[in-house]
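Protein chains: 4
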Amino acid sequence: MHKLNSKSCYVNAKKINEECGCFGIYNVENAASMTYFGLHALQHRGQQACGIASSDNSNILCIKNQGLLTEVFNATVIDKLIGSNAVGHVRYATQSENIIENVQPLMCRAHQGEFAVVHNGQIVNSQELRFELEQNGSIFQSTSDSEIISHLIQKAEGKMIDKIKAAANMLQGAFAFIIMTKDCMYGIRDNNGLRPLSVGKIGEGYCVTSETCAFDIVNAKFLFDVMPGEIIKITPDGVEHVQYTTNTQHKMCAMEYIYFARPDSDIDQINVHTARRNSGRILARNDEVVADIVIGVPDSSLSAAQGYSEMSKLPYELGLIKNRYVGRTFIQPTQKQRENGVRMKLSAVSSIVKNKKIVMVDDSIVRGTTSKRIVQLLKDAGASEVHVRIASSPLISPCFYGVDTSTYDELISARLNVDELCEFIGADSLKFLEVDEMFEGNYTNNLCVACFNEVYPTQLYSLGKILKK
Amino acid sequence: MHKLNSKSCYVNAKKINEECGCFGIYNVENAASMTYFGLHALQHRGQQACGIASSDNSNILCIKNQGLLTEVFNATVIDKLIGSNAVGHVRYATQSENIIENVQPLMCRAHQGEFAVVHNGQIVNSQELRFELEQNGSIFQSTSDSEIISHLIQKAEGKMIDKIKAAANMLQGAFAFIIMTKDCMYGIRDNNGLRPLSVGKIGEGYCVTSETCAFDIVNAKFLFDVMPGEIIKITPDGVEHVQYTTNTQHKMCAMEYIYFARPDSDIDQINVHTARRNSGRILARNDEVVADIVIGVPDSSLSAAQGYSEMSKLPYELGLIKNRYVGRTFIQPTQKQRENGVRMKLSAVSSIVKNKKIVMVDDSIVRGTTSKRIVQLLKDAGASEVHVRIASSPLISPCFYGVDTSTYDELISARLNVDELCEFIGADSLKFLEVDEMFEGNYTNNLCVACFNEVYPTQLYSLGKILKK
Amino acid sequence: MHKLNSKSCYVNAKKINEECGCFGIYNVENAASMTYFGLHALQHRGQQACGIASSDNSNILCIKNQGLLTEVFNATVIDKLIGSNAVGHVRYATQSENIIENVQPLMCRAHQGEFAVVHNGQIVNSQELRFELEQNGSIFQSTSDSEIISHLIQKAEGKMIDKIKAAANMLQGAFAFIIMTKDCMYGIRDNNGLRPLSVGKIGEGYCVTSETCAFDIVNAKFLFDVMPGEIIKITPDGVEHVQYTTNTQHKMCAMEYIYFARPDSDIDQINVHTARRNSGRILARNDEVVADIVIGVPDSSLSAAQGYSEMSKLPYELGLIKNRYVGRTFIQPTQKQRENGVRMKLSAVSSIVKNKKIVMVDDSIVRGTTSKRIVQLLKDAGASEVHVRIASSPLISPCFYGVDTSTYDELISARLNVDELCEFIGADSLKFLEVDEMFEGNYTNNLCVACFNEVYPTQLYSLGKILKK
Amino acid sequence: MHKLNSKSCYVNAKKINEECGCFGIYNVENAASMTYFGLHALQHRGQQACGIASSDNSNILCIKNQGLLTEVFNATVIDKLIGSNAVGHVRYATQSENIIENVQPLMCRAHQGEFAVVHNGQIVNSQELRFELEQNGSIFQSTSDSEIISHLIQKAEGKMIDKIKAAANMLQGAFAFIIMTKDCMYGIRDNNGLRPLSVGKIGEGYCVTSETCAFDIVNAKFLFDVMPGEIIKITPDGVEHVQYTTNTQHKMCAMEYIYFARPDSDIDQINVHTARRNSGRILARNDEVVADIVIGVPDSSLSAAQGYSEMSKLPYELGLIKNRYVGRTFIQPTQKQRENGVRMKLSAVSSIVKNKKIVMVDDSIVRGTTSKRIVQLLKDAGASEVHVRIASSPLISPCFYGVDTSTYDELISARLNVDELCEFIGADSLKFLEVDEMFEGNYTNNLCVACFNEVYPTQLYSLGKILKK
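Protein chains in written order, with my numbering: chain A, 1 to 469; chain B, 470 to 938; chain C, 939 to 1407; chain D, 1408 to 1876.
Be a bit skeptical, because a hint or two may be false.
[Said to hold, decoys possible] Some chain B residues judged to face chain C by a derived CB distance under 7 angstroms, without partners named:
| hint | residue |
| --- | --- |
| 1 | H580 |
| 2 | F600 |
| 3 | K624 |
| 4 | I865 |
Hint data in this document are derived by calculation from the structure and do not stem from the laboratory.
All values derive from a computational prediction rather than experimental measurement.
For every residue, glycine included, the Cβ atom is placed at its ideal position computed from N, Cα and C.
Turn these sequences into a full structure, and let the hints steer you where they fit.
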């Protein structure tokens, strides 16, 4: 592989965090509308853009755009997407990457056959692969590294399964993707199992999803998780399992359990709500804080708060309320209104928190600014003490596998120790879980905790340059 | 008053249930955008239509339409609504009443002075008043009984406060309304206090709202509740209190506590979450059911479920998940998809409920069809037993005061006793609260419980005809 | 009638110019969709708002909003408007009057019967009538004087036809309106015949329209024009003619012929294109200007330019092109871009006008700014001389009958004589028609030419105050 | 080059007709908004989709979508497109090709440099080039042949100008495209000059456009036409001319003059309106038909009708009116309404055509169905005779260069002779121009008239298979 010319690649070096959701359905009537429902259950994984491609076994049609599912699709649009196979995608993207070319599914249309790709994760050697491909004349329309997958498949030789194997072996990093050809569907997961991908049964057909919470909505039953380094191929004859590499380990992203997934999902067969509640229990185990009530930060920390309450025997109260109905089209308060105390997302319930010593449970601290604001909110509402308890460890190092914490600057725990951070957020005390306790809390050691301990399960290629020595 | 000619009024006899939310702000910079934020906190009270009228002390401009706040307003529109006083409204309406003329604020433009009205509640003598007004040549553009208020005010003599007093004394039923003239604001509450209306302070200005949860979002502090039979008048000099009748009692709608209000609101200074949790505790008090876990139906029953769990010592679990992001524009499943099990609103978490004996807490049962569906959902997900516990009494009689349960046909408890209902919904057991326990649960006797015991706090006029003898 | 208190009425004194289009259809299948098509042919009469009310003989449903037909209606919306009778409206409004309450049809819902009103024109005694009505307790939601009609009808005694007669006799000014009750339709025209209203036959049914160009689109055949001072009543038995006053004359608004109507319409049975072409011929009759080509300002002046060309024997050329596709959502050039010559609406065709002496025919001059801009455009494109010829007389006095030229300030010919105006617009010469020639051009003496000669066919009430002595 | 495997290419063989409009602007403040205005003047060339890419000399940002300019862009969106260089595109597409991936500008993002491409025309060897590229691993996301250009450039060696030269030499067919890199702009025209491309001056900057009518709107002055086989390169130093091949001829598409271009455009320095009028004159030259009036079918045939009128001395009348305001969102009449005579696009003016012998001038006849409908319309309106005169020759062979007449089945003149066609459309007589007369009418022999005489100026590759022997 060429040595990367760092200057020339600068343009492409924008970090693309692909926190998103993939869904595929095979051999089910009205596959596109079923995919629409499935994506609905995954909408929390990405609200910036979405798309669906469907196949009637002879042609693939793809409709996609920026916006929520309800903004991009209506009944007329879904009706155009005929066929009994479909794949869909919901996408999270930072402002600068929110360009139409990045929206998935990505189509590859060629005389050798059409296919559609949806992708969740981040390729760590994407710049190297892209540079190589561009050197040989490939053109990229998007800034997304998902486009690389299509190129690698198209460049490879042999049958589709051989091409996918070849491509998967060239990709390094975190990825789970679904590929739909005219008549087959493939699910692929990286050799560290960093991103989830589960398969379910729905009548005579199949369903592939980033999160199992999508099974229930379409009445599918869980069959199995795609394994690290595995490709599954779905045809009218059923499911084939192909191991594309034996160089595997199991390092599921801990942040999926901690805040990203929906509580009713099972990741690698562990229920997320249960794991969070257990983490809350462990957090309370040796905590000797004197307090009146426990509250959680909605929505992702409610399970951990409940666990904390159960273990500590402190009553669990509804001290913070999340305001619904706020979307991208909601008018935001002006700076002056903010200063005057106008609050959009969270409200503290004064009648509950007033004059109380509070344990406030949250899932994690990234920048610290949100925690600071919530502590202030509770104190403004009359709380006499606020003790912050975090159901994970301090985030000290960037993620290169798809979670949107990509630089040290964003991570306050990379700069401040726990005492300093406690002071910064204005809490009366602050405690985190130990890394070991996270394994215990999530009932598994098969976790990537690189953002907590800087131990990365893969090589980092040129991305590694930003790491502190 | 004329004897009502029932035939000729038939056209107008469509029942208009005004479950909705009112918000007003006085003497605060950018009043319209503050009203927009305040209405956001009240959006759960009505998603069909909304509007804001603002005054710059010389003119009133009103913008309103069908749709959510985010659909009707954007920054450009809000910017047109200049001035430091404003009133706004979010409206719930059944399909047939969802006409543009019914959307509030309603404007009255006359040489004697302009004013805007927003209204929450239902006037029980609206047909009689309307008939009388029409006989004398008044014209109505809407089918809403809120329009009557404007007519009565315009017809009355004297200063604005005198006109409002006269009008309020003619209206019977449940109402809380806000009137904004060019330079004053009035809040009016019916003589039974059936609908809530609270006043807060925000800097030098004031804020009037249907629910106190709107105070927090605009950083207002609670001042007082408008009292039954009271008019409050806000001017640059402060607030004046005027009692328009001494024939009062205090009969706050119990359903506000039970399911309508947001848990962080205080109604007549009792916190809704606390009242619900207490009701859940009472429900568990003498319950001898043998079960493994307690779950609540999201969102309104979670507080009661928590109370039940605390009293019964059974663990509180997250067995049902509500799917977010579903709005009016969401494509609904076809009948066939529904039959095949496609589910949009609620999911049961299989890993939590499987093989469990479950206590399922809900706030109330109206038609019974939702309860039946949820019980089935839990059983499909593997629950071995489902014991339904309702944190209120059986609904046996229609509401004429603004809650959308207006006929016997809609109320399954008007037809079935508890055992029959238990069988209908497929539960293993079913229990309700007693009426007395509801008073205890809500910490007050100042409640209207007419829908539970048929004792109506007002005359019913022609509406009473539908009552069973 | 009370003496008008000018101060108290100030709020309502905003001048409402109702240049708009009315359409009704009776006893025709899918009346609402036919009305939609009919309004399409009238869309040039108003682009700010529109609405349709339909009746299935038992209920009237009305849907309306701000925007073009294509913005307010779609197939789903039209399908809700069931029934075989319907009325519709397209509305022109200045910014300040573009409020939702002003959008028509206006509904009146009462136990005595529902009806919908659409109105074209302007009531000159509206302030007096409104004052009187408000004194007696009537309330107005709109600032439109169309709402007065409903009030007068509702206040009157007797059968519907009697009520309409009574109301029509109280209204002064220019009006043509259509009223639809559950099962009948009425067309009313003012006693001076200032606004057009024509009736056609369509199968077994009828069609009423502001302009005959709407007949063709729905395949209706012209039957007759409603006469000054006449009410026509359409029932299942056919059409009845009722003369509500014998105090009539025939003074059709000259501006309808000159620029407002579509060229393929016949007004009072004179074709508009033919009238315009004839005016162009008269304009050329004694004109001794030496020129190379004749051009018209698109679209309304093309007929007159053609007539001028035919009479003068100068070739008619396409020297100005109108840019299509510009609507309210089109981004406008910034001031700086305008100064740099960015032009949106009209382009001059350089290859045609370069080095040519040009006769530029336009229909009228209001403010003079448009003419000035077009002359400059032609000179920039290389025209050596531009001789402006106007196919009407100088506008010297305001219109109170519905044309948007309501103050002297807007009328440049009220301030400048022809020579001064010629200099202002930068033309090489300028000629208008004489008032007598307008009668000749339009083939009729039945014209209101008040805006050209200050002879108003009605009393002006309080509006007359702005007239120069 | 590989022999084309016809079966495997079938999927890609959908004919993509790129009738569209390109616009570029260089070194002009607010280039994106100027491009928006320029595209407005080209909107008649494509209403299905549009896009703009702008460069601030360091980054290229591209925004594009399906819909009209007013639907895709608003002020907020345009403001994001910073920089003083921009290219834009409006696109016509048949339903099946109206996919988001086909919308232009197409971006190529690579470490060697980013560029944006907009394209007008059709590549006749696109399947062969695409097959070759796909064999070597290139992937295509669109079905548009514009994507091929980017691939060929990216694959070529050397500096950008060398890469474009190499690519242009591989492309066969009709094309005019604009390429924008971060800091330069290129205009390229095929070696037969089949598609127009003109360059203008605007202050210190430049403007490149498919049609000169866009110059006027942005106040640019015509400089020169790009010549067949030429590349022009615009840099801060001015314009360079590079001839990429000397194997050239000049064969401008005749249909641009006949119906596609706007009348105020000059194509190869001949004004379109003038050419059309001249064609109308020639059409009348030896025509001995006895008639009363001449009418044109709006909008494209009005110039020819005027010419016919001038030569024949028959009066030119406005017998047909086009209904405006119909767009893609307009509700269409049902089949039954159509049968009952509901007409959307054209109206016949009865008062003009009744009892008249009419010469109806149209620009061309493709399927014959429109002509048939218009003749019927005129007869329904009372015309006694309708003589159809076409200002071009019969369309007998498909176009492969970008005009949407791609199969014999669509061309009625490929099946019927003039007499048969006259009977089919129900006319009293029918006449076309001879091919020679078209050259005379358009004042040039530099025309491609392949669709009239089957003489194609290029090889046709695999497309030629559909030609009759």
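Interface hint outcome for K624 (chain B) [beta carbon to chain C under 7 angstroms]: Nearest chain C Cβ about 4 angstroms off; hint holds.
H580 (chain B) as chain C interface residue, shortest Cβ-Cβ below 7 angstroms: holds (4 angstroms)
Interface hint for I865 (chain B), Cβ within 7 angstroms of any Cβ on chain C: Given a least distance of 32 angstroms, the restraint on I865 (chain B) is violated.
Proposed interface contact between F600 (chain B) and chain C, which counts if any beta carbon pair is under 7 angstroms: holds (6 angstroms)
The structure fails to meet hint 4 from the earlier list, while all remaining hints are met.
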